[in-house]
Amino acid sequence: MKSQAPPTRAEFHEAIAHRSDRWFAACLKITRDRDLAQDAVQEALISAWEKRHQFRETARLDTWIHRIAINAALQLLRRNRPGLFESLAGDIAGGDEGPEAAQQARELDDELRAAFGGLTEIERVCFVLKHLEQWRLKEIAGELGIRTDAVKQAVFRAVKKLRASMHHLKEGAS
Amino acid sequence: MNDDKLILYYYDDLAGAERREVERALAGDPAVAARFRALKGDLDDFSDPRVTPPPPDMVQRWHDTIDRAAGIASPAARRPGFHSWSFLLGAAVTAALAAGIGLGILISGDEPAATRIEIPVAGLGTATPGAQPAFIRGLRLHLKESERSLASLPAETNGDRAVLIMDIIEQNRLFARAARRNDADDLARVLRAFELVLVELAAEDIAPEDAAALRAKLKFELNVMLTKLSRSSSDEPHSI
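These protein sequence lines map, in sequence, to chains A and B. The C-terminal position of the first sequence is numbered 327 in the working numbering, with every residue numbered one higher than the one before it. The C-terminal position of the second sequence is numbered 699 in the working numbering, with every residue numbered one higher than the one before it.
Please note that a few of the clues may not be correct.
Stated by the list, open to error - Derived pair list, reagent style DSSO-like, types lysine-lysine, alpha-carbon separation capped at 27 Å:
# : chain 1 : residue 1 : chain 2 : residue 2
1 : A       : K291      : B       : K499
2 : A       : K313      : A       : K291
3 : A       : K291      : B       : K603
4 : B       : K603      : A       : K305
5 : B       : K603      : A       : K313
6 : B       : K464      : B       : K499
Keep in mind the hints are simulated off the structure, nothing from the lab.
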C-alpha cells in the first residue's frame, strides 16, 4: 500500500488563509467568546500539526481542522464552565446573559445574534453542532457527555425559540 | 405528526418506519406538507450565516503557530535527545497541554531562543482608557506575582517547574481575556505574547543559557509593563 505524505506546512498555511474565518466563526458560535474562539483555533492548529501523520487524503485538510477546532471550542467551554453539559436542570431559563456576553454576541450575525440571545448554552451548542455543523445526534451526545434524548430536546427547544424569534423579527420589520 | 418529528426528518435523523411515516404524511396530508415547508424555510434561513472575519493579527498568530510548530520538527531531527513534548511529566500537565496550550510554539534552533519572540511591551501606551482601575490593580498584582514566581522557578527542568509555568500561563490568559473585555486590546496582545515566551521556558530540554536569557527577557518586559501600568494608574483621577 502506498504510504501517504502528511500535509505540509504550506498546505496548513493555505488552509489558514482560506478557511480560518470559518473555523473562527464556528468556534465563536459555540463559545460566544472571542478569546476562547481564538484559543480554540490556535489549539486546533497545534493539535492538527502534531497529528498530521494521521490525516487521510480522503478528507479535506480544512474540514479536518474545522472538526478539531470545534472539539477544542467545546473543551474550552467545558473547562471554563465545569458541569455545563452534565446538568440540564438549570438551562431552561436562559436568556439573561449580562453585558459581557452581549458585547461578545455583537460578533455574531445580526439576525442569528438576536435569535441566539434567547437560547440557553446547551440549546445553542446543540443547535450549532446539529444545524450548522451537521453532526449526528449521537455524535453530539457523545461529545457533550449527555443522553441523545437530551440533545434532541435541546435541539427542539432551540428550533422553536429561534423560529419564534425570527417570526417576531419579521413581523417587526414588516 | 408533531413538529419534533418534522425537525428530525429535516435533519435526516429518522430511520426506517419513522421516516416512512413522515414521508407518507407529507405525501398524503397537505396540512403537514405546508407545516414542513414553513419549518424548512425557517431552518434554511438559519443556514449559511454571514461570517465575521477574524482580525488580521489573529490570523497572523495562527500562521506563526504553524511556523513555530514546524520549527520544532526540523531542528529536533538534527539534535539527538530533543523531545519537544517530554517536558510534561505530570498527568495533569499533560492533559492540559495536550489540549493545546501552546505546545506547538516550543522553539529550538541555533539562534538563542530568547531573541526569537517579541513582546510588544514597548509599543504599549501608558494610558489604558477603557480599563477599570480594579482591573489594572489586579493586573499589576498578577505581574508582580508572575515576576516572583519566575524568580523562584526551579532551575531543574522537571514536572514541578512545568506546572508552575502552566499556572502563570493560565492566569495570564484570564487577564488577557479580561483586558479585551476592558477594551484594552494592546494590553491583551502583550499578555498573549508573554505566553509564547513562557511556553518556551517550560521546555524540558531548554539550554540553561537560553532559559536564563528568557527569564531575563521576561523580567525586563514585566518591569517595563509594571512601570507603564503604574504611570497609567497614577494618571487616573483619585476618588475619595
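- When the hints from earlier in the document are held up against this structure, which numbers fail? 3, 4, 5
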